[in-house]
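Residue numbers (our numbering), protein chains in the order written: chain C, 1 to 109; chain E, 1 to 115.
Certain hints may be false.
As the list claims (entries may be wrong) - Between beta-carbon pairs, the in silico distance windows are: (1) C/Ser28 x E/Ile5: 15 to 23 Å; (2) E/Arg111 x C/Ile108: 25 to 33 Å; (3) C/Ser9 x E/His73: 36 to 44 Å.
Simulated from the structure, these hints should not be mistaken for laboratory data. The C-beta atom is built at its ideal place from N, Cα and C for all residues, glycine as well.
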Amino acid sequence: DAKTTQPTSMDCAEGRAANLPCNHSTISGNEYVYWYRQIHSQGPQYIIHGLKNNETNEMASLIITEDRKSSTLILPHATLRDTAVYYCIVAAGANNLFFGTGTRLTVIP
Amino acid sequence: AAGVIQSPRHLIKEKRETATLKCYPIPRHDTVYWYQQGPGQDPQFLISFYEKMQSDKGSIPDRFSAQQFSDYHSELNMSSLELGDSALYFCASSLPWFGPSSEQFFGPGTRLTVL
């Protein structure tokens, strides 16, 4: 699986948009970009995934650059419950997930 | 909606004992994954099954074994437990891994403590 690079930590004010970047410069043509998050010791939770087009669901938006070498997860209105570790993972389908270090997002009141 | 069920939620064992963790996937999910998350670490993939056959293997110790049964539930068997096996063990399930892009749904985890 391609490696990803994410900032170790980020802060975001409650109610503001949280923009979490991810670099995946070695992504293969058949690999998707997945985002999961883990709220303190709970099971990881799927957020969103995409191949090359931008995607949006009820939780977040995913912006993938045209060359697919990086992406940004956007939480439009962060709440305190969004405080978690966010993992960007590239994988070919519902494959075995290789979790990197992730970004620890802290939403501040 | 039905979620992934794991049992037990907490387990305490002594060194050199054995432990069995169980996972019940979401109905119609035929692919099951096991992950181990040590204290302060990120989840690490152990092993996965599709249609009762092992589909991939990660960093699973030889002391551990797993299988998927005809009803698609899975069990992770751990023998000769060591202190370092203390961790959260997550099970996840999904639709066929080779199908269209799909997500994994994780269970709440089993917290294993080895004393």
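Against the structure, the hints:
In this structure, C/Ser28 and E/Ile5 break the distance hint of 15 to 23 Å, their C-beta atoms being roughly 34 Å apart. Between E/Arg111 and C/Ile108, the C-beta spacing of about 29 Å keeps the proposed range 25 to 33 Å intact. Between C/Ser9 and E/His73 the C-beta distance comes to about 38 Å, which sits within the given range of 36 to 44 Å.
When the structure is compared with the earlier hints, a violation turns up for hint 1 alone.
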